[in-house]
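Colleague: Line by line, the protein sequences give chains C and V. Be aware that the first sequence starts at 1, since it is given in our numbering, and climbs by one per residue. Be aware that the second sequence starts at 1, since it is given in our numbering, and climbs by one per residue.
None of these hints come from the bench; they were simulated from the model. Using N, Cα and C, we set each Cβ at its ideal position, and we do this for glycine too. It is possible that some hints are incorrect.
Okay, the calculated bits of chain V under chain C, using three or more residues with CB under 8 angstroms as the criterion [unchecked claim]: (1) 1-8; (2) 13-21; (3) 25-39; (4) 43-54; (5) 64-75; (6) 84-93.
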Amino acid sequence: MEHVVLPAWALLAYLAAGVLFILALRGLSSPATSRRGNRYGMIGMAMAVATTMATQAPIPPGHWWPRPSPEDLVILAKILIAIGLGAVIGITTARKIQMTAMPQLVAAFHSLVGLAAVLVGLAAYLNPAVFGILLPSGAISPDSRIELGLGIAIGAITFSGSVIAFAKLNGNMSGAPIMLPARHVINLGTLVAILGLVAWFTQDESLWVIAAITVLSFAIGFLLIIPIGGADMPVVVSMLNSYSGWAAAAMGFTLHNTAMIITGALVGSSGAILSYIMCKAMNRSFLSVIAGGFGTDAGAAGGEAREQRPWKRGSAEDAAFLLKEAENVIIIPGYGMAVAQAQHVLREMGDLLRKEGVGVKYAIHPVAGRMPGHMNVLLAEANVPYDDVFELEDIQGEFAQCDVASSSARTTW
Amino acid sequence: MDFISILSIFVMACFVGYYVVWSVTPALHTPLMAVTNAISSVIIVGALVAAAGRSDTGIHALASSWLGLAAVTMASINIFGGFAVTARMLAMYKKKQKG
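Sequences are here, hints too, so could you generate the full structure?
Modeller: Pasting the structure below:
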């Protein structure tokens, strides 16, 4: 059987959805355009879903007229229930979640994309005819097998990795790295085995091959993330973001769907760039974070080696006096502020200082908080105007001119 | 579409992604992750196709359609949750009067 031939309008609609997703990310280049961008994303998604519903599912072309069969209507009802259930769960969670808990929410969402990719891959393997990847001989076409194998593997890694990341961020699991002996050998061996099985899958489409790929990939996602310490989670969450994109892209190759391929590429690059930015900000190489555990070793060693400089303890009154007498104050918030939910009090303090004629600015280190840009969201939540919030590179020169740089961040500049 | 056309779209989209993402202001990196998460749920397209598969052709087809339905639910959680939480965050970035 050939690939399902879609009408030209459907192909154009998928392409348009892909373009809308690009515009959604483009909108995030400034807070002013960002909300419009988010709407583009929603429209793109609605278009992709509607096009699929109208052309391939739940009712295939030709079944709409003269009238859909009862079986078709049952399928339609099931699908609508599934979407409705997802909508209720998704929207309630999004409304309730605290801004400090954003990293674990994103990790949980990543795990869902990963698992969905695995399920779609397995579904395509079990019923290749509906995906149009069945050859006349009755076998699944070899290139589709590679795409399915890779899609399932990446999806499974995304799923189990995100579950661990969620547990560590949410405190269900200690943030301390868990070191297995010979973990590099085990990880490398598992990865090689997965790739070998994907190659083998092109020759032999037995169930055990795809089952083994799935199980080993779940295992490697788990093994890769448990040795990574809590402080490195921003990198891990970004990396899993990237993986969820590649998984979607792999499924897009199977379905020959432009919307999925464009999205996969966008999300894949986005996560990769964010991981790079995070690593650079921590002066770490990506490999050392992913190889795991290096963070804690290096941190401990750094602490001892650091030169002991003289310091003085001051009271809150002293600090208040210093701040009031200063002309320019730069506040560098750290994660401790977020944990203490002190962003609102901090903003009130900033307002008081401003009334005294003191210039107040906020400087944000890229890895302040537990995911990229987390601190900016927390400050925005406390109504700090975003014009007063600066990134590391933009404000670095101003430290020489400021009178007080107040930092609760443990990261050094 | 043949494999090469699809691969071309993919490679071009990677470049577009690279440049678009670098243009995102660091202040919005958390909303960026939330929204990329929502759009990566476009995998729902595959889930819908699987869920709508005729299940009268045997146990494999039946299993396939249920896996599809489960995937539709997960992807929907992500789509609605992802866009809603992004909208909530972005609303906090609205231009405010300085106090």
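Colleague: A separate judgement is required for each hint: does it hold in the structure or not?
Modeller: Outcome of the hint check:
Here's how the segment 1-8 of chain V fares: 3 of its residues keep a CB closer than 8 angstroms to some CB of chain C, so the rule of at least three is met and the hint holds. Counting residues of the segment 13-21 of chain V whose beta carbon lies closer than 8 angstroms to any beta carbon of chain C gives 7, which reaches the threshold of three, so the coverage claim holds. By the rule of at least three residues with a Cβ nearer than 8 angstroms to a Cβ of chain C, the coverage given for the segment 25-39 of chain V holds, with 15 such residues. Coverage of a stretch by a chain is defined here by at least three residues with a beta carbon nearer than 8 angstroms to that chain's beta carbons; for the segment 43-54 of chain V and chain C the count is 12, and the condition holds.
Judged by the Cβ-Cβ criterion of 8 angstroms, the segment 64-75 of chain V is covered by chain C as claimed, because 11 of its residues qualify and three suffice. Residues of the segment 84-93 of chain V with a Cβ under 8 angstroms from some Cβ of chain C number 10, which satisfies the need for three, so the listed coverage holds.
Of the numbered hints given earlier, the model fails none.
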